[in-house]
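Undergrad: Work out the full structure, taking the sequences as your base and the hints as a guide.
Protein chains in written order, with the working numbering: chain B, 1 to 289; chain V, 1 to 387.
Think of the hints as simulated: they come from the structure by calculation, not from any bench. One or more of the hints may lead you astray.
Listed next, the stretches of chain V that the computed footprint assigns to chain B, with coverage defined by at least 3 CB atoms under 8 Å from CB atoms of chain B [unchecked claim]:
hint, region
1, 87-95
2, 201-212
Taking lysine to any residue and the SDA-like style, the derived pairs with C-alpha atoms no more than 25 Å apart in a straight line are [what the hints assert, rightly or not]:
hint, chain 1, residue 1, chain 2, residue 2
3, B, Lys4, B, Pro50
4, B, Lys31, B, Phe3
5, B, Lys32, V, Val198
6, B, Lys51, V, Leu207
7, V, Lys187, B, Ile79
8, V, Lys45, B, Gly81
9, B, Lys51, V, Ile218
10, B, Lys166, V, Asp200
11, B, Lys31, V, Leu207
12, B, Lys4, B, Tyr49
13, B, Lys166, B, Leu235
Cβ-Cβ distance ranges computed for the label pairs, FRET-style [to be verified]:
hint, chain 1, residue 1, chain 2, residue 2, range
14, V, Thr216, B, Ser188, 36 to 42 Å
15, B, Gly261, V, Ser212, 32 to 38 Å
16, V, Ser212, B, Ser248, 52 to 58 Å
17, V, His224, B, Val44, 23 to 29 Å
18, B, Glu269, V, Ser324, 56 to 62 Å
For clarity, every value in this text was computed on a predicted model and none was experimentally measured. Every residue gets a Cβ at the ideal spot worked out from N, C-alpha and C, and that includes glycine.
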Amino acid sequence: MSFKGVLPGDSSCPGCLLPVALNLVVSSIGKKVVSVVPASCTSVIQGYYPKTAFDFPTINVPFASAAPVAAGVSYALEIRGIKDVVVFAWAGDGGTADIGMAALSGAAERNDNILYIMYDNEAYMNTGIQRSGATPYKAWTTTTPVIGKREAKKDVAKIMIAHGAKYVATASVGFHQDFIAKIRKASSISGFRFIQLHLPCPVGWRFDSEKTVEVAKLAVETGAWILYEYQDGKLRLTGPSAQLIEESRRKPLEEYLLLQGRFSHLTKEDIEQIKKLIKEQWEWIKKMI
Amino acid sequence: MRREALTGNQAVAMAVMYSDVKFVAAYPITPQTSIVEKISYFVEKGLMKAKFVNVESEHSALAMTYGAALGGVRSFTATSSHGLLYMHEWVHWASRSRVPLVMAVVTRTIGPPWNIWPDHSDYMDQRDAGWIMLFAMDAQEAFDMTVQAFRISEDERVFLPVMVGLEGFIVGGTTMSVALPDEESVKEWVGERRQPFVFDGSANITLGNLASPEDTYILHRNIHEDLLRSIEVIKEIEKDYSETFGLPYIGPVETVGEKESSYAVISMGAWSGDLAEAIKQLGRNDVSLYRIRVYRPFPCKELRQALSRKNGIVVFDRSISFGSFGPLYMDVKACLDSEYTNVVNVIGGLGGVDHSLGEYVSVLRKILGEMDREEKLEKQIWMEVSR
Numbered sequence: 001m002s003f004k005g006v007l008p009g010d011s012s013c014p015g016c017l018l019p020v021a022l023n024l025v026v027s028s029i030g031k032k033v034v035s036v037v038p039a040s041c042t043s044v045i046q047g048y049y050p051k052t053a054f055d056f057p058t059i060n061v062p063f064a065s066a067a068p069v070a071a072g073v074s075y076a077l078e079i080r081g082i083k084d085v086v087v088f089a090w091a092g093d094g095g096t097a098d099i100g101m102a103a104l105s106g107a108a109e110r111n112d113n114i115l116y117i118m119y120d121n122e123a124y125m126n127t128g129i130q131r132s133g134a135t136p137y138k139a140w141t142t143t144t145p146v147i148g149k150r151e152a153k154k155d156v157a158k159i160m161i162a163h164g165a166k167y168v169a170t171a172s173v174g175f176h177q178d179f180i181a182k183i184r185k186a187s188s189i190s191g192f193r194f195i196q197l198h199l200p201c202p203v204g205w206r207f208d209s210e211k212t213v214e215v216a217k218l219a220v221e222t223g224a225w226i227l228y229e230y231q232d233g234k235l236r237l238t239g240p241s242a243q244l245i246e247e248s249r250r251k252p253l254e255e256y257l258l259l260q261g262r263f264s265h266l267t268k269e270d271i272e273q274i275k276k277l278i279k280e281q282w283e284w285i286k287k288m289i
Numbered sequence: 001m002r003r004e005a006l007t008g009n010q011a012v013a014m015a016v017m018y019s020d021v022k023f024v025a026a027y028p029i030t031p032q033t034s035i036v037e038k039i040s041y042f043v044e045k046g047l048m049k050a051k052f053v054n055v056e057s058e059h060s061a062l063a064m065t066y067g068a069a070l071g072g073v074r075s076f077t078a079t080s081s082h083g084l085l086y087m088h089e090w091v092h093w094a095s096r097s098r099v100p101l102v103m104a105v106v107t108r109t110i111g112p113p114w115n116i117w118p119d120h121s122d123y124m125d126q127r128d129a130g131w132i133m134l135f136a137m138d139a140q141e142a143f144d145m146t147v148q149a150f151r152i153s154e155d156e157r158v159f160l161p162v163m164v165g166l167e168g169f170i171v172g173g174t175t176m177s178v179a180l181p182d183e184e185s186v187k188e189w190v191g192e193r194r195q196p197f198v199f200d201g202s203a204n205i206t207l208g209n210l211a212s213p214e215d216t217y218i219l220h221r222n223i224h225e226d227l228l229r230s231i232e233v234i235k236e237i238e239k240d241y242s243e244t245f246g247l248p249y250i251g252p253v254e255t256v257g258e259k260e261s262s263y264a265v266i267s268m269g270a271w272s273g274d275l276a277e278a279i280k281q282l283g284r285n286d287v288s289l290y291r292i293r294v295y296r297p298f299p300c301k302e303l304r305q306a307l308s309r310k311n312g313i314v315v316f317d318r319s320i321s322f323g324s325f326g327p328l329y330m331d332v333k334a335c336l337d338s339e340y341t342n343v344v345n346v347i348g349g350l351g352g353v354d355h356s357l358g359e360y361v362s363v364l365r366k367i368l369g370e371m372d373r374e375e376k377l378e379k380q381i382w383m384e385v386s387r
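TA: As structure tokens, then:
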């Protein structure tokens, strides 16, 4: 049985690239799939019972449990000797970085045989743009409405690397080929695999719905979001990020920030602080490669 | 039949192995631990061909058990008290997904204060979740009910998860001689895994996406109606089990004493043994004990038959719905016709308090005396405790 992916008629917002990204996942895995989706935008995007826009097996689960349900399915398939199915979790940043973190950590520690994809739109978008652990420094959300987020973004990929996960990668919806290559590589190995996909949200980030690709690309080209993969103890920069170790080759950060209403209140000092956080991230990358 | 000295927890672990369970995920909590220790030993020793996973929380324990059940294998977990409360979200999710699986609940009170002794608070907290809920009074029943639970859960007329309750320590940790049928015949009796749908890549299905209020209403009503009907399936499966293995059939409600007695005492779990003894010591043959073995679906029809023409009913609850009555009392009252006014609720045993036989005798003597004399009754009486 082959699955078509996300069919036309899903209920995502205008300018949302989530269905495109999910289509890339289902079509790039190259095997049959079972997907597990915790509470998130995807719970809504798939559509209304008894219909669905998802042409692939989908298990909807409560917030904190994408990893263990996926692992449970995967163990059952292993027990039954079924080898041609990839079980993947498709979870938002809240369901991963916050409420699902203990469950994710357990799956990574046990090397459960699942592909976990965190689609990172940097806040609780489905409930109305509330701050998550993965919201970046100073970003406006409806629960950081005046000052912006006081803390830096929680780095889940780094936490997964610290678990000794088999495969960890970051990706961007703005760079399809890079994302597809990572999905393919992750699908070809067994054990715990983690991909953090940067997925700009026009509604939550306050930018024009036609600019999603542009914003996604600028995040990478300004060095704010770094594309890499980590396997067998080695980190490797991928896609455009491979050429951006030298700061002078990156586009000015302001190009990325100023497109987004969530950063419209930033002061010069705030921008300097964001630059400092990005620099620290690159310093860590340099140590790892 | 072979007999073995087993605690209630060991009996559950044996039943899980005998029932050909293929997947167990669990998180340790007293007094459930000896079940999962035993199962992990069976698996690591190669006595049980199954996968055992130590998970990071009870929330994940039931989530992963559910995932494995959806993936097509017979799955089991066990927990107690705060663990059960921590997985409560999943207790609902599992039944509302109509996924067959079995969980043992080794009952323990809820804190604070920290206290590991048994009552029924944790178990009763799950009563509205749509599970079939059985309750054992000793290790033999813990074995028999756990084996039957898999058949009930996987019956196509049911397809709901089943919970087997047994009290921590006094059942879970106390050894008795348990009659054990042959392992292979139990495996054969339980049979192949059966489930309504499977997630293994073979079927293109979605479970649990957004639904309208009306569709949700219908799905939830179906659960209720199937749960009500399942009482006949539970009886049928117990009958088949007892005939196959030469064990006595008891039914959803066990009667101890004369069927035609004037007074009824109703209880659930291990302290039913104390109550049976107390009734004997009272020296009255007009009082019978009715022990609830199937709590959900509540055996209304069976109880109404058993309680017809009683002059008075005393319901013992080992948990309390704070600000109201004991849950068992509320269920009994809801089943009875309106002419039953002499129904008294006794609350006791909370936090693991062990009342003496004399205390049971004296509370029963007091209530039955008031009923004999047709005095005005207090609806709720608490057993006295001295520190």
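Undergrad: Decide, hint by hint, whether the structure agrees.
TA: Right, here's what the structure says about each hint:
no.: 1; hint: 87-95; in the structure: holds (count 3)
no.: 2; hint: 201-212; in the structure: holds (count 12)
no.: 3; hint: B:Lys4 with B:Pro50; in the structure: holds, 18 Å
no.: 4; hint: B:Lys31 with B:Phe3; in the structure: holds, 9 Å
no.: 5; hint: B:Lys32 with V:Val198; in the structure: holds, 14 Å
no.: 6; hint: B:Lys51 with V:Leu207; in the structure: holds, 11 Å
no.: 7; hint: V:Lys187 with B:Ile79; in the structure: holds, 18 Å
no.: 8; hint: V:Lys45 with B:Gly81; in the structure: holds, 21 Å
no.: 9; hint: B:Lys51 with V:Ile218; in the structure: holds, 16 Å
no.: 10; hint: B:Lys166 with V:Asp200; in the structure: holds, 23 Å
no.: 11; hint: B:Lys31 with V:Leu207; in the structure: holds, 21 Å
no.: 12; hint: B:Lys4 with B:Tyr49; in the structure: holds, 19 Å
no.: 13; hint: B:Lys166 with B:Leu235; in the structure: holds, 12 Å
no.: 14; hint: V:Thr216 with B:Ser188: 36 to 42 Å; in the structure: holds, 40 Å
no.: 15; hint: B:Gly261 with V:Ser212: 32 to 38 Å; in the structure: holds, 34 Å
no.: 16; hint: V:Ser212 with B:Ser248: 52 to 58 Å; in the structure: holds, 56 Å
no.: 17; hint: V:His224 with B:Val44: 23 to 29 Å; in the structure: holds, 27 Å
no.: 18; hint: B:Glu269 with V:Ser324: 56 to 62 Å; in the structure: holds, 58 Å
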